[in-house]
Amino acid sequence: MEKKSMWSFQISTSSLVLIPAAVGINYLGKLFAGVLKLPLWLDAIGTMLAAMLSGPIVGALCGIINNVIYGLTIDPISFIYALTNMGIGLAVGIMAHKGWLNHIGGVIACGCVAAVVSAVISTPINVAFWGGQTGNVWGDIVYAYFIAHASPVWVASFIDEAVVDIPDKIATVLIAYGIFKGLPRSLTVLYSNDNQIEKL
Amino acid sequence: MKSLSLFVEKDTTIHRMNPISKIIYVFAAIVIPMLIGNHASALLVALLSFMLLLWAQVFRKVIPLMGFSILILFSIVVIQGMYKEGNHTPLFTLGSIVFYQEGIWFSAEICLQVLNMLEAFSLLVLTTKPPDLIESLVSKGLSPKFGYVLSSVLQIIPQMATTMETIIDAQRSRGMKMEGNLLTRIRAFFPLIGPVVMTSLISVKERTMALEVRCFTSKRKKTFLNVQQVTLQDKIFQGIMAICVAGSLLWRFVR
Numbered sequence: 001m002e003k004k005s006m007w008s009f010q011i012s013t014s015s016l017v018l019i020p021a022a023v024g025i026n027y028l029g030k031l032f033a034g035v036l037k038l039p040l041w042l043d044a045i046g047t048m049l050a051a052m053l054s055g056p057i058v059g060a061l062c063g064i065i066n067n068v069i070y071g072l073t074i075d076p077i078s079f080i081y082a083l084t085n086m087g088i089g090l091a092v093g094i095m096a097h098k099g100w101l102n103h104i105g106g107v108i109a110c111g112c113v114a115a116v117v118s119a120v121i122s123t124p125i126n127v128a129f130w131g132g133q134t135g136n137v138w139g140d141i142v143y144a145y146f147i148a149h150a151s152p153v154w155v156a157s158f159i160d161e162a163v164v165d166i167p168d169k170i171a172t173v174l175i176a177y178g179i180f181k182g183l184p185r186s187l188t189v190l191y192s193n194d195n196q197i198e199k200l
Numbered sequence: 001m002k003s004l005s006l007f008v009e010k011d012t013t014i015h016r017m018n019p020i021s022k023i024i025y026v027f028a029a030i031v032i033p034m035l036i037g038n039h040a041s042a043l044l045v046a047l048l049s050f051m052l053l054l055w056a057q058v059f060r061k062v063i064p065l066m067g068f069s070i071l072i073l074f075s076i077v078v079i080q081g082m083y084k085e086g087n088h089t090p091l092f093t094l095g096s097i098v099f100y101q102e103g104i105w106f107s108a109e110i111c112l113q114v115l116n117m118l119e120a121f122s123l124l125v126l127t128t129k130p131p132d133l134i135e136s137l138v139s140k141g142l143s144p145k146f147g148y149v150l151s152s153v154l155q156i157i158p159q160m161a162t163t164m165e166t167i168i169d170a171q172r173s174r175g176m177k178m179e180g181n182l183l184t185r186i187r188a189f190f191p192l193i194g195p196v197v198m199t200s201l202i203s204v205k206e207r208t209m210a211l212e213v214r215c216f217t218s219k220r221k222k223t224f225l226n227v228q229q230v231t232l233q234d235k236i237f238q239g240i241m242a243i244c245v246a247g248s249l250l251w252r253f254v255r
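The listed protein sequences derive, respectively, from chains A and B.
Anchor point for the first sequence: position 125 equals 125 in the working numbering, and the numbering is continuous, going up by one each time.
Anchor point for the second sequence: position 84 equals 84 in the working numbering, and the numbering is continuous, going up by one each time.
Next up, chain B with everything else stripped away, as it sits in the complex (with noise of 0.2 Å):
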C-alpha cells in the first residue's frame, strides 16, 4: 500500500540515527539562530545543515522542496528592497525603482532564517521513514491512539488522490461542466466534494467498528513490533544538542 513520505531510501548514519534525534536537532537549528540574531550564526547553522545534507546523499532532493519557497523569498526581496521602514540608503537602481540596504539586509535575514528551517526539516524529512518517526514518538509517550491517527493519514491521502480522477470522470460523464466562468466552476465544486465526503465519513463508521474489534481502546499495555535502539551515539548527539540550544540562550541573556 503506497503511504505517502518524501523519505529517500539510502544507506547512510543520518538515515540510521534514532529519529528523536533528528527532531531535537531541527529545534536546535531553528531555535539557535534565532537566539544568537546574528546573520554569521544562521549561515554558520545553514552550512552545517548542508553538509549533513550531503553526507546523507538528499541534497538534490531538497531542491524540489526549496522550489515553495523561492517565489516568495524573491517577493520578499524585491518588497523589502523597496519599502520596508527605515529604508535609507540606497543600494542599487534599476531604471527608476530604488533599493535599499537596510531593507535588503533583513530580506537576507529573512531567507537565511527560512533556507535554516527548510534544511533541517528537510533532513529529518527526507532520512526517516513517517512509521520510524511515529514509532519513536510513541515509544517516547505519545498515545498509541494518536500513533495510529498519524499513520492513518499518511495512507489516506495517497487513496483519496487516486480516487480524485474516478471521481471528476464520473461527474463529468453525467454532464457536469468544469470548464468556464467563475459561477460554473464554483457549481462544479459541490458534486465533486459531496462523493468525497460521503466515502470517508461511511468507511470512519466502518474503520471505527473494525477498530474497536481489535480491542483499540483497550487500557492494556501494548508491546512493539519493531524496538528503536537508543545508541550510546545517539545519546552523545543529543546530549551536544542541548548543550548548543543552552550555550545561545545563555548568550541571549549575556549580551
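Okay, chain A solo, but in the shape it has when bound (with noise of 0.2 Å):
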C-alpha cells in the first residue's frame, strides 16, 4: 500500500467524475448566494471539495473546466480567469495533503491563502483587460479610492480584488470544509490515496 505522491497525474476514473459534479455544485452555489442576495459569490465550493477530496490536480483542473464550461455556455469573459480557479484548486489542494485542514485555525488560513492566491492570479489579468478594475462594485468603489490617491495601478487593483475575496473564500473553505467533514466515509474512500486499484 503505497501513498501516491499528490503530484501524481494518474487521475482515478472517480476523480474524474468528480470534476463535473464539483462543477455543478460551483454552479449552484452561485445560484443560491444569488437567489438568498448573499453579498458573497461563493462559486468555488465544488473546487475546493474537489481539491480536499482528491488532492491539487483534480481541484486545479476542476477550476479550469468549469471556467472553461461558464465561457462556453453562459458568459465569454469566464475564460480568461480560468487560471485564477486553478490557483485556488491548487492552493486549497496542496493545503489539505499538507495536513493544515486538521483545525478550524488551519482551515481559515487556508482560506485566507486561496483568496491570496485569487487575488495574485487575478490582479495582472484585471490590469491587463479592465484596466484595474474587477466588475464587482464594492471592489471597484475601494479601487477608484486609491486610484483618486494616486496609488499605483496594480497596488489599487490587488486590493480591490483582496477585499471582495478574503471574505468570500474564508465563507467558501469553511462551508467546503464542513461538508467534508459530514460526508460519509463510503463516499470519501473512493478518493483515498493509499489505495490500490485492482485491474483484471
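Source of the hints: derived by calculation from the structure; they are not laboratory data.
Because the structure is a prediction, the values reported are computed rather than measured.
Listed below are the simulated DSS-like cross-link pairs for lysine-lysine, each with C-alpha atoms no more than 30 Å apart in a straight line:
id	chain 1	residue 1	chain 2	residue 2
1	B	K129	B	K235
2	B	K10	B	K61
3	B	K235	B	K221
4	B	K145	A	K199
5	B	K145	A	K98
6	A	K98	B	K205
7	B	K205	A	K181
8	A	K98	A	K181
9	B	K61	A	K30
10	B	K145	A	K30
Make the complex out of the two chains shown on their own, each in a separate frame, by following the hints.
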C-alpha cells in the first residue's frame, strides 16, 4: 500500500467523474447565493471540495474546466479567469494534503491563502483586460478611492480584488470543509490516496 | 436531454467551418490587436468580427452576452476618465466632475479590447455545437477522458439547475426560512447546498462504476462516430490566420 504523491497525474476514474459534479456544485452555490441575496459569490465550493477530496491536480482541473464551460455557455469573459480558479484548486489541494485542515485555525488560514492566490493571479488579468477593475461594485469603489489618491494601478487593483476575495474565500472554505467533514466514509473512500485499485 | 449551450441553429458557411479554425480565429483576434497595439488595429479586427457575425446571422444573440459587460465598461469609462494617473487634459465637465482626455482615450482602448474578445468568442460559441467542438479537440489529441468530462459538465448543469427548484420547495416545506436578516439567509444556505452535494457525490460513485463497466479506462484506440472533415478551405483559413499572427509579431519587433 503505497501513498501516491499528491502530484501524481494518474487520475482515477472516480476523480475524473468528480470534476463535473464539482462544477455543478460551483454553479448551484452561485445560484443559491444569488437567490438568498448573500453578499458573496460562493462559486468555488465545488472546486475546493474536489481539492480536499482528490488533491491539488484534480482541484486545479476542476477550476479550469469550470471556467471553460462557463465561457462556452454563459459568459465568454469567464475563459480568462480559468487561471484564477486553477490557482485556488491547487492552493486548497496542497494545504489539504499537508494536513492544514485538521483544525479550524488551519481551515481559515487555508481560506486566506486561497484568497491571496486568487487575488495575485487575478490582478494581472484585471489590469490587462479591465485596466485594474474587477466588475464588483464594492471592490471598484475601493479601486476608485485608491486611484484618486495616486496609488499605482497594481496596488489599487490588488486591494480591490483582495477586499472582495478574502471574505468570499474564507466563507467558501468553511462551507466546503463543513461538507467534507460531514461526508460519510462510503463516499470519501473512493478518493483516498493510499488504496490500490485492482484491475483485471 | 437538454444540453447547456449558446449554439444557434443556422446553416451558414461559418457554422460549417471546422471548430479548430474558429478557435484559431479567436486566438488571432485577441492577440493581433494586442501585438500591434493601437486603436486602429483593434477597431479593424472588431469590424471584421462584426461582419463575420452578421454573415453567420447570429449578431442578435451577441447583445445579451454583451449585457454582462456593458455595466463594467461604463464604470471603467467613468473611473478612468476621472481618476487615471497622468490625467491633465480636461475633455468635458458634468457639473463639478471633470473627465480627462487621457482617461477617456485609455478606457476606449479597454472597451475595444473587450468588444473584440466578446465578438470573437461569441463567433465561436454561437456557431459551434459544444459536442462538435469537444470532438474536434479530442481528434486533435485531447484525451478522450477529458472530452468526456467536458461533455458531462454540459449535461450536468441543466440537470442540477432543475433540481434547484425542487430543493428549495422541499426545504421550505420543512420550515426553512429564506427571507429575513443576513443571519437567517446565511443559515438557509446549508440546507440548500447539502442535498445538492450529497446527491451529486452519490451519482459520482454510480457514474464511475457505469463508465468502468463500459471500458472507459481501456488503453485501446477508440474510433469516432462522426468524422470531422478538414477541407481545403479550413487549411487555407488556418494558414491565413497563422500568417496574420506572425505578421503582427514581426511588426511588434520591427517597430
